[in-house]
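Residue numbers (the working numbering), protein chains in the order written: chain H, 2 to 378; chain E, 2 to 378; chain F, 2 to 378; chain L, 2 to 378.
Hint data in this document are derived by calculation from the structure and do not stem from the laboratory.
Any given hint might turn out to be false.
As the list claims (entries may be wrong) - Derived pair list, reagent style PhoX-like, types lysine-lysine, alpha-carbon separation capped at 20 Å:
no. : chain 1 : residue 1 : chain 2 : residue 2
1   : L       : 360       : L       : 119
2   : L       : 264       : F       : 264
3   : H       : 264       : E       : 264
A quick note: this is a predicted structure, and the numbers were derived from the prediction, not measured.
Listed below are the residues making up each chain.
There are 4 protein chains.
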Amino acid sequence: MARIRLGMVGGGNDAFIGGVHRIAARIDGRYELVAGALSSTAEKSKASGAALGLASDRCYGDFAEMAKREARLKDGIQAVAIVTPNHVHFPAAREFLKRGIHVICDKPLTSTMADAKKLVAAAEKSDALFVLTHNYTGYPMVRQARQMIAEGAIGRVRVVQAEYPQDWLTKPLEGEGVKQAEWRTDPARSGAGGCVGDIGTHAFNLAGFVTGLELESLAADLDSFVDGRRLDDNVNVMLRYAGGAKGMLWSSQVAPGNENGLKLRVYGEDGGLEWTQADPNYLWFTPYGQPKQLLTRGGAGATSSNLEASRIPPGHPEGYLEGFANIYNEAADLIEAASEGRKPEHLLPTVQDGLAGMKFIDACVRSSARNAAWVTL
Amino acid sequence: MARIRLGMVGGGNDAFIGGVHRIAARIDGRYELVAGALSSTAEKSKASGAALGLASDRCYGDFAEMAKREARLKDGIQAVAIVTPNHVHFPAAREFLKRGIHVICDKPLTSTMADAKKLVAAAEKSDALFVLTHNYTGYPMVRQARQMIAEGAIGRVRVVQAEYPQDWLTKPLEGEGVKQAEWRTDPARSGAGGCVGDIGTHAFNLAGFVTGLELESLAADLDSFVDGRRLDDNVNVMLRYAGGAKGMLWSSQVAPGNENGLKLRVYGEDGGLEWTQADPNYLWFTPYGQPKQLLTRGGAGATSSNLEASRIPPGHPEGYLEGFANIYNEAADLIEAASEGRKPEHLLPTVQDGLAGMKFIDACVRSSARNAAWVTL
Amino acid sequence: MARIRLGMVGGGNDAFIGGVHRIAARIDGRYELVAGALSSTAEKSKASGAALGLASDRCYGDFAEMAKREARLKDGIQAVAIVTPNHVHFPAAREFLKRGIHVICDKPLTSTMADAKKLVAAAEKSDALFVLTHNYTGYPMVRQARQMIAEGAIGRVRVVQAEYPQDWLTKPLEGEGVKQAEWRTDPARSGAGGCVGDIGTHAFNLAGFVTGLELESLAADLDSFVDGRRLDDNVNVMLRYAGGAKGMLWSSQVAPGNENGLKLRVYGEDGGLEWTQADPNYLWFTPYGQPKQLLTRGGAGATSSNLEASRIPPGHPEGYLEGFANIYNEAADLIEAASEGRKPEHLLPTVQDGLAGMKFIDACVRSSARNAAWVTL
Amino acid sequence: MARIRLGMVGGGNDAFIGGVHRIAARIDGRYELVAGALSSTAEKSKASGAALGLASDRCYGDFAEMAKREARLKDGIQAVAIVTPNHVHFPAAREFLKRGIHVICDKPLTSTMADAKKLVAAAEKSDALFVLTHNYTGYPMVRQARQMIAEGAIGRVRVVQAEYPQDWLTKPLEGEGVKQAEWRTDPARSGAGGCVGDIGTHAFNLAGFVTGLELESLAADLDSFVDGRRLDDNVNVMLRYAGGAKGMLWSSQVAPGNENGLKLRVYGEDGGLEWTQADPNYLWFTPYGQPKQLLTRGGAGATSSNLEASRIPPGHPEGYLEGFANIYNEAADLIEAASEGRKPEHLLPTVQDGLAGMKFIDACVRSSARNAAWVTL
C-alpha cells in the first residue's frame, strides 16, 4: 500500500505536539508528510516546512488556502493533522472535512461548545474521517484494561479513580515568555477550561474508554492557584456514572514532582485494575481474594488487544510515541478501508468522543461557577 | 523508671486492634499490662487475661467495675487502653478519666457527636491524659513530612490528596459471621459513618497533622456498594481548607488489591511530598525544578523528628507496630511528666483531634444526605 | 506461661544490635531481661543496666562472672543473648552452655574457624539450646519463599542471585572514631572476614535457607577499596551448589545508595522468586509463562509459614524488628519445650548453620588469597 | 536534507530485529528503505519486500548481488542495515564496506574471532562507516550516566554490577520450531557464545560505555541448564577492570519473570548510579551522604547528553525504539558529515567496540572451559 499523503496545520517551531504527530505518523511508515500550514505566516511556514523537507509550494500561510489548493492537486493530501491551539481546531477541520480530506485532530475538540457542535455537524456531513488524538487510548495496556473490563474480569464497575497531575505551571510561566504556557492559559485560545481542558479531558476520556461507562453528572471545584492566571490550574471533580458507579478525577498543573502523571484505577465487584502512564508497559490486575498480578505489554496474560497494539517483545519498553503511533496506524487502516468503501469497527476516538470531552469541560466550568454544585453533562 | 501499669478495655479474642496495642505498649518496655476488661463477660475476660498472663483477680467483666476497683488498689493501673468498638469509647473513657487514670483510646473518638462532646468535657475536666491512637502520625516519615512543611520546604500548601482504600469488605462479610465486619458495618456500634469513620478519619487526621491546615468545608458522596450494607463502604470527598488550599479524600473498603492503602500527597508553591503507608520508610520530596528525592527513615536528609521517632538504622525497615509504639512511647513520656507535674509539648493526637475527626465524619454524612452539598465542619 | 528470664552479654551504649535484641525479645512478651554483662567494666555495665531497669546486682563486669553467679541463683537467667563483637561469641557462649543456660547468639558464629569448631562441640555437648540470630530468616515472606520452593512451586532450582550491599563504610569511618566501624574492620575482633563476615554470611545463609541447597564450592574476589582498611569491604563470589545449581553473591559496604540492600533471587525450571529486605512484606513469584504475582505478608496466596510468622493483617507493614522477634518467639517455644523435655522441629538457625557460615567466610578468604580460585567448603 | 537511501540484509518474516531496525530508521525521518536482501531466496525476499513497499527489482536473493548491483545504481543505497544471524555479519559487511556503502550492523560483531578481526580490517580499510547497534547505549539516561561519571559525579569507580536476565529460553524452545530460538542456540550461526553472545555482550558493552573502564580479565562460569541445549543459557562472570575496579556480570535466558532485565549499577568513591532498561526513563543517582535522587529523561538535573538524546518532554515515556532510533539518527549525522568530508566526534559503537565484545565472549568461553579460571581479554 502506498503511503498516505498527509498535511499538517500548526506544528511549526516551538510547538511540542506537532513533532509528536510527525513522529507518530512515521513510526509505522504509512504516511508521508507532503504539505503544511505550519505557522501563522507563509514565510514562517515555508521555513518550518523546509526544515521538514517539504516542497516550498506545499507550505501555506493559512489552512484555508492549503485546503483549497491541496483539494485540487492530483496528488494532494489525503489526510491532515491539526495540531494548533484549540480555537483553530474547528475552523481548520471544517475546511478539510468539506473537501473530503480526512482529519486527525488534537484534543480538546474545540475551544467552545458552539464550535464543538458545529464540528460534529461538519464531521457527520462529510464522507471524510475525523479522528481525535486522545492518544493515551492507544497504549497496549490501556487496550488490555478496556478489554478485560468488557469481558468481565473485574465484574461490574463500582469505583473509578482518575488523575492527571503535572507540575510545569507551578510558577507563572505565562508571564515569562513561554509560548506553550501562554496559549494554554489564554481563554481566547484554549477555551473556558485551562488544566481541565488541556489534561483533565484526557483523564475523563481514558476513564470512559477503559470502563465503557457514561458520565451522568459531576461536581467540580476548579482553582487558579498561580496569581494572575486566567484559567484553572487545579481541578477536583466528583463523578457519578450511569448505572451507579462513582468516581473522582483530579488534574493539576501545579503539583511539583508530577511530570505527566496520568493514572487510572478502576475497581469492580470482583477485582481491580491500575495503570500509570509514566510506566505504560505495566497493568496491575488485582482479582479479589487472589494474588496481585503485574501484567505486561506483550507478556503472559496479554489480551488480543494488547498484542495487536504492540510492536516488539515484552521487556523492550514501548512509550508515548508508540501509543500515539497506534492512533495514526489505525487511522491509516480506516483511511485505506474508506478508499475501498469499507467502514470497519475501530477503537479510535471520534468526533462524538470529542463532544463528550467538551461537555465534560463545560460541566466542570459550570459546576465550579456554582460553588461546585452537581450538574448533568 | 518503673514500667507504667496498664489496663485494657476490649481486646479479647478475635480483636485485631487489641493485640496491636499490646505489642505497641511492649516494644519500648515502658508499660506492663496488669489488668483488663477484655471481653463482655467476666468469664471470657478471665480466659483472655489468662492467655496474656494477667492475674485472674485483675480480669473484670466490665470496664466500670475495673475502673472502680483499680482506682482503689495501691498498685492499680495508671493508664488504660480502650480498644473496643466505637460506641464503648465514651462510657469507658469517662469512668477512667474521672478517677484520674490516663486513657489511651482507639479512634474514632466515639460513635456519636453527642458522646464526642461529652468526652471532650470529661477529658478537659480530668487531670488525666487522653491520647487518641491516630497511630499513623507516629511514623517517622510522617513526622518528617510535618516538620518539613512547617519549616517551609514546599512553601505554602495548595493541594492535598489523601486516600485510604482497602478491599476487605468487597464482599458482604458481615453476613458471613466475620466479627470485625459485623461491628464495623453496624450503625449502633460504629456510629453514622462506616468506611468514613473507620479509615476515612485516619486520612483526614493525617492530612491535618502533616499540613497543619484546618478543614473548613467539604462535599461528600458516600456509597454502600455491597447489597444490604448499612453503612458507607466508599467515600468521595472534596475538601476546602482555611487559607485556600483544596483537597480530595477517597477512602474505600471495596477497592480490590488495596490491602491498607493509606497515602498522602501534598503540593505547595515550591515542592511536593508523597508518603504511602504500605512502604512507610520512604518519603518522596519533590522540590520544584529539582530532581526528585527519596528520603528514608533515618537516612540522609532525615529531620530531627524522623530520627527521634526511629529505633534502628536506615534500610532496616520499621513498620506499623513501631509507628504505633511511638504513640505509646510518647504517651509514657507524658504520663511520667504528669507524675512530676510537667506538661511538655508533644505531637500526640488529643481529644480535640478526636472531636475534629467526629466533625469530619458528621459533615461527610450530612453532606452526603444532602446530595453531596458543601457543608462546613 | 511465665516470661523467660533473659540475660545479655554486650549491648551497652553505642551498640546497635543490643537494642535490636532487646526489642525483639519484648515484642511478643515472652522474655524479661533481668541481668547483663553489657559493657567491658562493671561500672559501665551497671550504668547501662540502670538505664534498662536492671537491678544493680545483676549487672556484671564480665560474662564469666555473670554465668557463674546466675547459674547459682534460684531465679537466675534461663537464657542469654550474646551481642558482642564476634571474637567474644565463643568464650561467652561456652560459659553459659556448660551451665545449661540457653544461648541466643549474634552472627557470625565466631571470629575464627578454630573457635567455631569448639563452639559446635560445646553446643552439642550441652543440654541447652544454641540459636544463631540469622534474623532475616524470620521474615514471613522468606519463610514463604522457603516453603514454596520446598513444595515445588518453581521446580528444581537452577540459578541463585544473592546480594547484600550497604554504603556505610564508603569512607574510612574506622579512622574517625566510629565504634561500629572500628571493630567491624578489625581482624582481631571480627575475624578474617570483614564485609563477608558481617553481611556476606547473611546473604549466604539466606540463600541456603530459602533454597535448601548446599554450597559445594566457590570462587571469591575480595577487595578493600578504602585506603588502609584491614578487612574486605567488597565481596564478589561465584557459587556452585550440590546438584548443579549455580549462583552469584555480592556483598559490599562501599556501594553508595544501598542502606541495607539484602536481596535474594532464585530461579528454577518452572518459575522464580524475588525478595528484597528493605521491602520485606512483598515476594515476587514469577511462574514461567504466567503473569508475575506480587505476594504479600498475610495476603492472598500466603502459605502457612507466612501466616504463622505474621502478627497483623496484610497492608500493615511488619519490619526488621518483627522478623527478628520471630527468632526470639520461636526460641521461646523451644525453651519452653525443652523445659518439658520436648525437642520440636523448628526453622531456627543452629550452631551447624553458624559453622556453615564460618566455612563460607573461610572459603571466601582462602579463595581470594589464591587469586579467586575455586575452593570447596 | 534528503533522506538517506537504506538497504537491509536479513529482516524478512519471523525476524524480530529487522522490524526494530526499520522502525528505528523511520522515527526521525532521515532514511528511506529502498532495497533489501531480506530473506534467503529471491522469491521470499521479494515477498517480504513487497510487504514493505520495496520495488521488486530492488529485492535481492543474496547480499552479494545486492551490494554489487546497488553500488552501480545512480540512486543506489548509501547505507545498509545488516540484521541477520551472527555468522552472516562479516561476509555481508565486507561486501558493502568494500564498495563504500555505510554499514549499520547488529551485534555481536561476528560469530568467530577470526571473522571479527577480518571485519575490523575491512572496516578500517573502507571509507565507509561501520556502526554496531549496541542500541542500549542510545538511551538518554544511559548517556546521562556516562556523562555524569566522566564529569566525576560519583568519583573514581570501584564497583560495577551488570546483569541481563531473560526467561524466554527457560524451556527447550529450539526443539519446538521457534526460529529465534533455533539460530540463537546453534553454534554454527551464533558462534561459541549463546546467552553470553546474545545478551551478555550488551551488558558488557553497556558497563564499558557508561564507566569508561577497560576490562582486563575475567572468570566465567557458563552453563546450559536446559537439556540438550548446545550453547550456554546462564552466564556468571567476575570482572577486573584496569585501574582496580571490580565487577560482576550475570546474564541468563532461563530466569523466569525476567522479560528483558538489563540493569547496570556503578558505585564510586562518592556516589552511585543505577539504571534499569525496562524503566529506561529513570536513573537513580545516589551521592554518598545525601538523599537519593531519581533523575528522569528530560527532567530536572538532566545533562546535555540526556537532553540531546530526547525527543519529547519528561513524563512522556520514550522507550526501546527511541533509544534504537538515536543510533540511527546519529549514524545519519555521521553519514551526512562523511558526504561533506567531515568526521565529527560521536558516541556510536564502532567496529572496535564490536571486537571488544568478541574478545569478551571469547574470554568467557575460554575461562569457562578451564573451570572458570581467570583469563585476560
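Now the hints, each set against the structure:
1. L:360 to L:119: Holds, at about 14 Å.
2. L:264 to F:264: Cα-Cα ~15 Å, so holds.
3. H:264 to E:264: Since the Cα atoms of residue 264 (chain H) and residue 264 (chain E) sit roughly 15 Å apart, the hinted pair holds (cutoff 20 Å).
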